[in-house]
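Novice: As given, the protein sequences belong to chains X and U, one line each in that order.
Numbers 1 to 900, taken from the working numbering, label the letters of the first sequence in order.
Numbers 1 to 900, taken from the working numbering, label the letters of the second sequence in order.
Calculated from the structure, these hints are not laboratory results.
A quick note: this is a predicted structure, and the numbers were derived from the prediction, not measured.
Treat each hint with caution, since some may be false.
Copies of the same chain are indistinguishable here, so a pair counts whether it falls within one copy or spans any two.
Below, in silico cross-link-like pairs of lysine-lysine (DSS-like), each with a Cα-Cα straight-line distance of 25 Å or less [as the list claims (entries may be wrong)]:
1. K437 to K666
2. K194 to K500
3. K517 to K677
4. K517 to K822
5. K439 to K363
6. K738 to K411
7. K502 to K363
8. K738 to K849
9. K517 to K127
10. K517 to K409
11. K846 to K411
12. K72 to K502
Protein chains: 2
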Amino acid sequence: MAQKYTYFFGLASDGKNLTEGKADMKALLGGKGANLAEMANLGLPVPPGFTVTTDACNYYYQNRQTYPDGVKEQVLAELAKIEASLGAKFGSAEKPLLVSVRSGARASMPGMMDTILNLGLNDQTVKGLAAQSGNPRFAWDCYRRLVQMYADVVLNVHVSQFESLLDELKEKKNVKRDSELRAEDLEQLVESYKRRILEETGRRFPQDPLEQLWGAIGAVFGSWMSPRAIHYRKMENIPEDWGTAVNIQAMVFGNMGEDSATGVAFTRDPATGERRLFGEFLLNAQGEDVVAGIRTPQLLALEQKKRGGPGSELPTLEETMPEVFRELVAHQLLLEKHYRDMQDIEFTIQQKRLFMLQTRNGKRTAQAAVRIAVEMVGENLISKDQAILRVDPYSLDQLLHPRLDPAKKGKPIAKGLPASPGAVSGKIVLSSSEAEKQKAKGERVILVRHETSPEDIHGMDASVGILTALGGMTSHAAVVARGMGKSCVAGCADIHIDYKNKRFIIEREGLVVAEVKEYDVITIDANSGEVFLGEIPTISSTLDKDFATLMEWADEHRRLRVRANADTPHDARVARQFGAEGIGLCRTEHMFFEPDRIEAVRMMILADTQEDRARALESILPMQRMDFVQLFREMKGLPVCIRLLDPPLHEFLPNSESDLQGLAAKLKTSPERILNKARSLHEVNPMLGHRGCRLGISFPEIYEMQARAIAEAVVEVHRLTGEVADAEIMIPLVFDQKELSFLRDRIEKLVTEVLRTGGLGTPLKIGTMIEIPRAALTADRIAQTADFFSFGTNDLTQMGLGLSRDDSGRFLPEYLDNGLMKYDPFASIDQDGIGQLVQIGVERGKKTKPNLKCGVCGEHGGDPRSIEFFHRAGLDYISCSPFRVPAARLAAAQSALRKA
Amino acid sequence: MAQKYTYFFGLASDGKNLTEGKADMKALLGGKGANLAEMANLGLPVPPGFTVTTDACNYYYQNRQTYPDGVKEQVLAELAKIEASLGAKFGSAEKPLLVSVRSGARASMPGMMDTILNLGLNDQTVKGLAAQSGNPRFAWDCYRRLVQMYADVVLNVHVSQFESLLDELKEKKNVKRDSELRAEDLEQLVESYKRRILEETGRRFPQDPLEQLWGAIGAVFGSWMSPRAIHYRKMENIPEDWGTAVNIQAMVFGNMGEDSATGVAFTRDPATGERRLFGEFLLNAQGEDVVAGIRTPQLLALEQKKRGGPGSELPTLEETMPEVFRELVAHQLLLEKHYRDMQDIEFTIQQKRLFMLQTRNGKRTAQAAVRIAVEMVGENLISKDQAILRVDPYSLDQLLHPRLDPAKKGKPIAKGLPASPGAVSGKIVLSSSEAEKQKAKGERVILVRHETSPEDIHGMDASVGILTALGGMTSHAAVVARGMGKSCVAGCADIHIDYKNKRFIIEREGLVVAEVKEYDVITIDANSGEVFLGEIPTISSTLDKDFATLMEWADEHRRLRVRANADTPHDARVARQFGAEGIGLCRTEHMFFEPDRIEAVRMMILADTQEDRARALESILPMQRMDFVQLFREMKGLPVCIRLLDPPLHEFLPNSESDLQGLAAKLKTSPERILNKARSLHEVNPMLGHRGCRLGISFPEIYEMQARAIAEAVVEVHRLTGEVADAEIMIPLVFDQKELSFLRDRIEKLVTEVLRTGGLGTPLKIGTMIEIPRAALTADRIAQTADFFSFGTNDLTQMGLGLSRDDSGRFLPEYLDNGLMKYDPFASIDQDGIGQLVQIGVERGKKTKPNLKCGVCGEHGGDPRSIEFFHRAGLDYISCSPFRVPAARLAAAQSALRKA
């Protein structure tokens, strides 16, 4: 006996359920087919039909595009069942059966053929449909649509060919709208369509309904190998041998008159998550009319109407067809209870009879997702574990940051990277000093720069948002903005900044399309990366009780600890409010940029002798100590991992002419000398230059000052509060155990002495960043000298991929567009490449020291996809910007649940 | 019975050989002890003595610095043997035995205690020595020297203490030279020395000879753990538990009168390798006097005298002591034959009696090493394999490049990195255009720059040498200079270039110590990295028959193929002359900088549309094709691996204001537009930027033009000569298989079509560089799409270590000095880190494609130590600068022999 390639769904004419499939047969029937079967099994009114399986598709491709034995007979048998169920006949001129053909793969997939409707119509059956419906115009319009869709999808004749014929006819008949054409006109149009098909293809539009059917099935299978579908599968790692199924289903018509309709319904409010029926419908319309937006749709429920808004002036379904409405309410309740998730439903009403055409899990906002998940636990629909897995951690950004009012946003003038979420409007300024001046005047400003540098910290702090022309997802602007919780669009290559004339312009094909001058107002949507002229209203979201509940559940499940990257007591407080369990990265260099300190730092850099350097450091020491005292007090004994000075020294020297003059005057030296120093410190590739522990080795006194400040702060906090701060000293940019050992020896001696003198016995932990590929490769030896590892996956990505975060904005978007990369590797860790280095580092480190604490402090620490990887790689904690802590907690919990 | 800790060497008084050790017991007796025993076994006149073993040293350190049981008794027994042999007695006032104590580890090791002479003298025995020698002044001088050496080495009283006492005495006695002091004066001096010791240490200089002996042995053992020795062992990976031996030997005196002497002899000429006795001696002197250079030494043989030079005016040993001379000649012949290598011998003549004090393999120049190795094969002393292993491949640079005359070089004014060997003098110029101008006038110039860029190629070509202030061993200047075979000192941080005033200065502690103006003459010694003022004569070496013979032997043994990095027909010719078997790296960008092309290249970069770009490329195509035609013809069917465009585009834009103006005029555009373009192309970290295959992906037409030029050149060469060039197309900077696949698809189609049209069927090989860490980690997948791999270990080092070759000059020297690194990782591959990436890359690549050809084209391809690693890692070929090809061939042969 031949293999079974078709599965029926729907009822026999006697009401007996003939359905053969069910919801869990998605691999064989595709998503759509499985859900249609499931609805039929639930007793819902699904027009009868059947699914040709994915096995048939696979056979088709494995056998030079031929169909397997038996499938033709099986299709005929299924058709006969539909005919019997409805008392109609495929190809009958009297009571013609019409069907739709739709693709349906296991996963929803763009690039696949969507739908051919009205299949079965031909020159004979169209008359039967006219007679049966009593509406010849309706029948000929259905036929016209079939011919056009079929020609487009099966015969490769472009739609535009038919549109021009339609236009000609309308001109000839002197009418403006399609609806003004009469049945006779449409009949004539069908003729001209068929002629055009013959001219273009040498083939006739098939009159045989079965030929039509097989043509449509072949087109669905063919679309599985369309370039767009192949590209999408490659991007999403969908195996080619999943194949697609084909659904053939009896037509029902929402456009058979004023007692017919088509509509969509959500079982809960997809915007807020509130538990109420939500949806709209159009009378006398087909699915595509709803999308086309030619008429304002009507609302479903009276309760919807009471809330006002578009459509509330029209009668509801509850009012116009109360019985149908009640039926729909019952169905949707059943579906949600059955699927245990919010459902997105499509239905058609044909002459007051309700048909269910599709159900699937509905898309929703983050706020709705959280509310629905938590409430469904209360309703005993799902477990807490399921609730945790229901919310996409990526969407949580929406909850923490304002977003643009979608109704009010126009066309963007430029697009960059969504580097730090949120949406803000403000006057543009092109320098940090101007930002500070305007802030002082009470203005809201957006700082626009080629790129930012540590010198811009205060300017960024004074701005409501940041827009940069260069730089990627981990550029300085992006990282600092995320840390501050400010909106930032980075790497916006469209804008050309002209500092001299205080403006930026946008060019397209050599023409200036926009010019934005200083103090002009723009809006940046850092959730999408878009830039708009003028001010656009935003919607802000707030964290609610449901959110807190979900986070509590998440915390019960995760193994990964979540810390935050925070440099100031303020950041630390925010981080703790978001649930951080420590600081994973405190960048001490940010402290060096404080206006009252930068001078001493510069004196240190300009020092010619070790004594001068020591004197400058001496004056920084008490300030650093105070920083740490405040930080430790804020964190109340939670771990605080402090990275010793990392950036190259030239970053601390002034950039502008006036700053240079000022500094020279203050230091009683010549601007030339400072300039010479800056020049001598200039680096071709600063990322790979004299920074991190290399500075510590060249100038051990810098790290010694910092270590002393940390140790003295621990003593001070203990004196003040009795608490012993859990300070961890982290040495950056190590690539060999000898470097770490060289520095550790010096620091440890000093710290132990300070603590001992202060009456404290426990030593501080001293560890290292693993951020150079070689450090990961030699982690076994480095672990001998380290108390902990913190993977700096930003730099590891830059070096491991040979990709500068500041420069890759020029070509990375192309890589993503061309499918050469799936994700921006600075946003989501490159698991295949950089991931290997992390795994090697963890494995070798823990082999040497089984209880070596391993964490991540790169930007990937806040990326849910990366967090799942870190969980699998066996890390102990992740650290991210304070605003990403909630998403990280959720992602960590999901990772633990998925692995279990 | 106690373990044996002492080994005697020498004869009994009856002439019976009592020696217990031999040459292959170096682990136990150290190098010096084993060779003394071996000489004694050969019947040579070695003063009797014994060696305390390295086991005793290890026991000493494993047991809190105590001596093992039995060793004291054994030492006494050995002393008794010496006494018996010589008829003298340790501590005797009549016939005192005096001994020397010397350290001798398994490997020669700086930082160890060297020697204490005259041990056994005290207030009594000095009188015996005076009587015995009939020379009280000699006896007291020996005593004085012992007290001073002993105090310095054993009692830690610094030599300067005694020098000041000596000076006081000379002043008091009103004499100028030590030799004017009489015996009484020296006796008085010894007294004052002893007093000073008591004052400084509270201890008396020991009068007991045995106490002196144990003090000296303890000092030798102690010096094994001196900081310098520990540091050296760490650097050279010498295990601590090797320990050191101690040699105690009867004293003989070359300073007992005019019938006594001390000298050194080489069995062959260490400069030329010629087979003849070569050496010098001083009458009435001790070893240290020869080093001090107070008198001109006399030559050994008449034959030496005939050649002239220093000392040739004095009588030879052959003339003054013909019998001793004949004995020495016989001994040296025996020793060379015995050790089968050129020997470096120390001897002393005491009252016309010859004593042999040391023999070891002699140091020699590269030229001598080659000649000696080849001639010794002819003399049946060694095998060809041994000859290959005898020559240090690192020394071959000496053979190919001139070097400074050591007699005539003064004090350097600065020191940088020896980036490309040779030594040259010339007038300094500070710009490439000036270099070209001066060259045109017939001047020899040295180009001095902060660093060079591809724009400087012609200026470098016009110069005899290059000096840069920045950059390391693989900086642009270094790489290009090596390729050109020109001398280059790079990264000379001492010089401060002042382009404006056309000079450079050298500062020390804030003071200008030298100023060198344009056209001043300097000499750079790029073998050492030193820079000198003025012109210093050089010695040039030539390749001779012996060298060719050795190379032939080497080629029979090596498995690694050796190719050269060459960009021009000229380079290719040089490479083939040096024995290159193909081109491993042809950098096409160098072709782009030809003056007649750079304009078209710039037009391409400035193109706004794809059409403009295509037009510019169109005009470059015929020139590129001609490059390849010439290269292929030069290489006559040997493989030529061509790397498609690699550097970022901004490197091709003009740097100087005048070039900018000129370009703007030529292109009929504004300088501002060019400047804007340059600015928009500027990169923060160009090493990690938009270059290599990333350019190829952004602008596929560039790579397509290059691929077309290559394929058309293959067709053209075939038409002209009938030969099919073995062209390999190499795509740089790939980190993922998808990139390679994207580009390969385009290139392969085009190339195949061109070849087919030209009547050629065989496709060209298309492969990739492995130069990004991720490429090595994902080599299994990349190999699916590559016909070959070429490891770009320069960039792999930069990225894998996070180390910019252009910037690391600022701290890498410190790393080397501090022992944080053993070798400059750009000169010799970091086997522990970057080596892992190479191994992973080869293993994974060959796992996917077992016959995947794997080579190296980074600068490490010319480094012998790295070559040995590449041999072990299973690479198929190495590629290096033409001038390094001979060393590479030799190193490859040695690697194969060592592994076998």
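Novice: Each hint: holds or not?
Specialist: Each hint tested on the structure:
1. K437 to K666: within (23 Å within a copy, 45 Å between copies)
2. K194 to K500: neither (63 Å within a copy, 81 Å between copies)
3. K517 to K677: So K517 and K677 pass the 25 Å test across copies only (22 Å; inside, 35 Å).
4. K517 to K822: neither (37 Å within a copy, 56 Å between copies)
5. K439 to K363: The answer is neither: 40 Å in one copy and 74 Å across copies each exceed 25 Å.
6. K738 to K411: neither (56 Å within a copy, 34 Å between copies)
7. K502 to K363: neither (44 Å within a copy, 70 Å between copies)
8. K738 to K849: Cα proximity of K738 and K849: one copy only (17 Å, versus 38 Å across).
9. K517 to K127: Answer is neither: 65 Å inside a copy and 102 Å across each miss the 25 Å cutoff.
10. K517 to K409: within (21 Å within a copy, 65 Å between copies)
11. K846 to K411: Classified as neither: same-chain Cα gap 53 Å, cross-chain 53 Å, threshold 25 Å.
12. K72 to K502: For K72 and K502, the Cα distance exceeds 25 Å both inside one copy (71 Å) and across copies (90 Å).
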